[in-house]
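Asker: Sequence:
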Amino acid sequence: MSMIDDQTRRAIEWDCATLINLYMLRNDAGDADGVAALFTEDGILARPTMPDQPIVGRDAILAGFRARPAGTKTRHVVSNIIVEVESETEARASSVMLLYRGQATGDGSLPAHHPADPLIGYFNDRLRKTAEGWRFAERRGGLDFAP
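In terms of the working numbering, the sequence shown opens at residue 1 and continues consecutively.
Be aware that one or more of the hints could be misleading.
[To be verified] What follows is a set of in silico ranges between Cβ atoms, one per label pair, in the way DEER data are often shown:
1) GLY106 / ALA67: 18 to 24 Å
2) GLY102 / ALA37: 24 to 30 Å
3) SER79 / GLY34: 17 to 23 Å
Quick caveat, the hints were computed from the structure, so don't treat them as lab data. By construction, the Cβ of each residue, glycine as well, lies at the ideal position given by its N, Cα and C atoms.
Based on the provided sequences and hints, a complete structural model is requested.
Answerer: This is the structure:
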């Protein structure tokens, strides 16, 4: 690892943790464009529920999020975020994820809770600083317990 001063390392850790949190918030808001924008152009996403089916490229990631069934509601809770700074432009991160899913009711009431939830899993990330800021070069998830 190159010599990075503490202030720079902490700033990178903060920016990368913010990126991880933004992913969850935009995902839950149904903001497909916003989620896809968090990836590098050649980024890779392997969802925790489909770890062996990686989606490659920002455009494919966008299409995948846009193809979600209408009315699906999610709430992700992310914790235990650890960022390992490798250089001023590269980092790795790991985090734990808790996912609740539901289906919109149509009458404006709270979504009906999915009977197999919550799902508990993780993400392992490779992060890269680009002209757009820190982005996911690779985001690989998995589940810790069967649904």
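Asker: Give a verdict on every hint.
Answerer: Against the structure, the hints:
Between GLY106 and ALA67 the beta carbon distance is about 21 Å. The supplied range of 18 to 24 Å therefore holds. Distance hint for GLY102 and ALA37: a CB-CB separation of about 25 Å, consistent with the stated range 24 to 30 Å. Checking the proposed 17 to 23 Å range against SER79 and GLY34 shows it holds: the Cβ atoms sit about 22 Å from each other.
In summary, the structure agrees with every hint in the numbered list given earlier.
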